[in-house]
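Quick mapping for you: the protein sequence lines, in order, are chains U and G.
For the first sequence, our numbering begins at 1 and goes up steadily by one.
For the second sequence, our numbering begins at 1 and goes up steadily by one.
Worth flagging that the hints you see were computed from the coordinates, not collected in a lab.
Watch out, some of these pointers could steer you wrong.
Straight line, CA to CA, 16 Å or less: simulated EDC-like cross-link-like pairs of lysine to aspartate or glutamate [as the list claims (entries may be wrong)]:
1) G:Lys46 x U:Glu110
2) G:Lys46 x U:Asp108
3) U:Lys46 x U:Glu70
4) U:Lys46 x G:Glu110
5) G:Lys46 x G:Glu63
6) G:Lys46 x G:Asp73
7) G:Lys46 x G:Asp79
8) U:Lys46 x G:Asp108
9) U:Lys46 x U:Asp23
10) U:Lys46 x U:Glu63
11) U:Lys46 x U:Asp11
12) G:Lys46 x G:Asp23
Listed next, the stretches of chain G that the computed footprint assigns to chain U, with coverage defined by at least 3 CB atoms under 8 Å from CB atoms of chain U [as the list claims (entries may be wrong)]:
13) 23-31
14) 52-64
15) 73-85
16) 88-96
Quick list of the computed label-pair ranges, beta carbon to beta carbon [unchecked claim]:
17) U:His95 x G:Arg53: 21 to 31 Å
18) G:His88 x U:Asp4: 32 to 42 Å
19) G:Ser2 x U:Lys46: 37 to 47 Å
20) G:Val112 x U:Arg53: 28 to 38 Å
21) U:His88 x G:Ser52: 16 to 26 Å
Keep in mind that this is a model prediction, so the values were computed, not measured.
Built from N, CA and C at the ideal position, the CB exists for glycine as well.
There are 2 protein chains.
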Amino acid sequence: MSFDPSTLTYDSNGLIPCIAQQDGTGEVLMMAWMNADAVAQTLATKRVTYWSRSRQAFWIKGETSGNTQELVDLRVDCDSDCLLAIVHQTGAACHTNRRSCFYTSVIDGEEVELMAPMT
Amino acid sequence: MSFDPSTLTYDSNGLIPCIAQQDGTGEVLMMAWMNADAVAQTLATKRVTYWSRSRQAFWIKGETSGNTQELVDLRVDCDSDCLLAIVHQTGAACHTNRRSCFYTSVIDGEEVELMAPMT
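Turn these sequences into a full structure, and let the hints steer you where they fit.
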């Protein structure tokens, strides 16, 4: 069945969360939001494109930083209300220049930084 | 620094998305939502506990199905508005009895089912 981005379930702001995961290593890099046009653009260009809630604009990942996400696969969850983008991440995914946004662990009641910014 | 769940950034419904990832394999299993009490309960019990938006109630993952998620690590992202739970998933994470909710690929314009329900 041909895929139509408008069939996904978007929230009241017209957005759907998208998790980015590095192909091969399985590392979860970040989570950001897409609208239907960003989903369509991501599939068409294979350059992962989010919707920036703060800027209210398309956010072609890495367009200014060079830290692009090349789409390898896009997966939809069982409820069609969350996406998983399997990507090739160039450099850091996080705006703090860390590989992943999930660099803080809180498992034992303390916040522990798991990784340093890339140099 | 001691971790306080109330310091996370919640949406207008008081919820934060939480991605569940299998420890070791890196498989992304599902994404669901937590409120501050669910985060605290997850950390205290090491049994991943979401907030069910449809039932408006705590959802102790696997409580009825037996498909529990044992917490290995809980990570917070750079903006404190998304969580990543590293878990030991027993059986299927998805209500369709598949290991992961992300069993549909849409990469080449077609929806392709990547995995069958567990038997």
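Against the structure, the hints:
Taking the CA atoms of G:Lys46 and U:Glu110, the gap is about 15 Å. The hint holds against a cut of 16 Å. Annotation: proposed proximity of G:Lys46 to U:Asp108 holds, straight-line Cα distance about 10 Å (limit 16 Å). With a C-alpha separation of about 6 Å, the suggested pair U:Lys46 and U:Glu70 falls inside the 16 Å cut-off, and the hint holds. Taking the CA atoms of U:Lys46 and G:Glu110, the gap is near 15 Å; set against the 16 Å cutoff, the hint holds.
Proposed proximity of G:Lys46 and G:Glu63 is supported: the alpha carbons are some 13 Å apart, at most 16 Å. For the proposed pair G:Lys46 and G:Asp73, the alpha carbon gap of about 9 Å is at most 16 Å, so the pair holds. Among the hinted pairs, G:Lys46 with G:Asp79 is inconsistent with the structure: their alpha-carbon atoms are about 24 Å apart, more than 16 Å. At roughly 10 Å between alpha-carbon atoms, U:Lys46 and G:Asp108 fall within 16 Å of each other, so this suggested pair holds.
Only pairs whose Cα atoms come within 16 Å are accepted, and U:Lys46 paired with U:Asp23 is accepted, the gap being roughly 14 Å. For the hint linking U:Lys46 to U:Glu63, the alpha-carbon distance of about 13 Å falls within 16 Å, and the restraint holds. Proximity of U:Lys46 to U:Asp11 is assessed by CA-CA distance (about 24 Å); at most 16 Å being required, the pair is judged violated. Only pairs whose Cα atoms come within 16 Å are accepted, and G:Lys46 paired with G:Asp23 is accepted, the gap being roughly 14 Å.
Chain U is given as covering the stretch 23-31 of chain G, and this holds because 6 residues of the stretch bring a CB closer than 8 Å to a CB of that chain, at least three being needed. Here's how the stretch 52-64 of chain G fares: 0 of its residues keep a CB closer than 8 Å to some CB of chain U, so the rule of at least three is not met and the hint is violated. Judged by the Cβ-Cβ criterion of 8 Å, the stretch 73-85 of chain G is covered by chain U as claimed, because 9 of its residues qualify and three suffice. Only when three residues or more bring their CB closer than 8 Å to a CB of chain U does the claim for the stretch 88-96 of chain G stand; here the count is 3, and the claim holds.
Between U:His95 and G:Arg53 the CB atoms are about 29 Å apart, so this pair conforms to the stated range of 21 to 31 Å. For the pair G:His88 and U:Asp4, the supplied restraint of 32 to 42 Å holds, since their beta-carbon distance comes to about 37 Å. Here the CB-CB span from G:Ser2 to U:Lys46 is close to 43 Å, well matched to the stated 37 to 47 Å. Here the CB-CB span from G:Val112 to U:Arg53 is close to 30 Å, well matched to the stated 28 to 38 Å.
Separation of U:His88 from G:Ser52 is about 35 Å and departs from the stated range, judged on CB atoms against 16 to 26 Å.
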